[in-house]
Amino acid sequence: MSSKETFAKGVGYRMEGNDFFKAEEYTQALKSYYFAILHLKTVGGVKEQDEFKPAYEEQLVKIYNNMSTVYSKQNKWERVIQYSTKARHSKKKALELDGGNAKSLFRLGQAYIRAGIPEKAYFYLRDAADKNPNDPLVKHEMALLDKLKEKHDKTKDTLYRDMVRKIIH
Numbered sequence: 001m002s003s004k005e006t007f008a009k010g011v012g013y014r015m016e017g018n019d020f021f022k023a024e025e026y027t028q029a030l031k032s033y034y035f036a037i038l039h040l041k042t043v044g045g046v047k048e049q050d051e052f053k054p055a056y057e058e059q060l061v062k063i064y065n066n067m068s069t070v071y072s073k074q075n076k077w078e079r080v081i082q083y084s085t086k087a088r089h090s091k092k093k094a095l096e097l098d099g100g101n102a103k104s105l106f107r108l109g110q111a112y113i114r115a116g117i118p119e120k121a122y123f124y125l126r127d128a129a130d131k132n133p134n135d136p137l138v139k140h141e142m143a144l145l146d147k148l149k150e151k152h153d154k155t156k157d158t159l160y161r162d163m164v165r166k167i168i169h
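Sequential numbering of the sequence shown, starting at 1, is according to my numbering.
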């Protein structure tokens with residue numbers, strides 16, 4: 001199989017994964033995305049690597065973002081973090097593809113909230129909000145983060161108040 005055929009087959013697997021995702025067949029979507037990655041990582045070998053590199057990197061970012069979305073549908077937040085991070089760092093191509101890869105910024109923030117690490121979520125959601133200030137999903141997650149912070153602050157205040165009472169009495 002030629003490099004062009006291998007690349008086309010990898011893209012085909014990505015598109016197949018998208019179709020499975022739309023049909024809510026998430027396990028099948030992930031399998032297709034994995035096959036896409038396997039095909040795309042072998043494209044060009046050493047000889048033609050430079051020729052395919054930009055297109056390969058673009059496809060990888062799309063696949064990693066798609067996998068992140070699938071895992072978010074399955075509430076597998078550690079995997080969302082893993083694949084959103086891969087999308088953001090895939091050869092720095094993410095920055096060129098969608099202005100800093102706002103999708104992965106959003107998903108990272110969302111995943112960190114769901115994984116119980118809201119302090120990390122803030123930075124990603126703030127960056128996503130800077131890139132897409134009118135995005136309702138980003139606004140929703142920021143509001144959720146604000147509620148979590150308020151709850152945390154109230155808990156902390158109560159804890160300190162109780163400690164002071166014990167010391168005084």
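None of these hints come from the bench; they were simulated from the model. From a predicted model like this one, the values you see are computed outputs, not experimental measurements. Errors might be hidden in some of the hints.
[What the hints assert, rightly or not] Keeping only pairs whose Cα atoms sit at most 25 Å apart, straight-line, the calculated DSS-like set for lysine-lysine is:
hint	residue 1	residue 2
1	K76	K53
2	K149	K120
3	K31	K53
4	K76	K86
5	K73	K4
6	K76	K149
Any hints from earlier that this structure breaks? Give me their numbers in increasing order, please. Violated hints: 1 and 5; rest satisfied.
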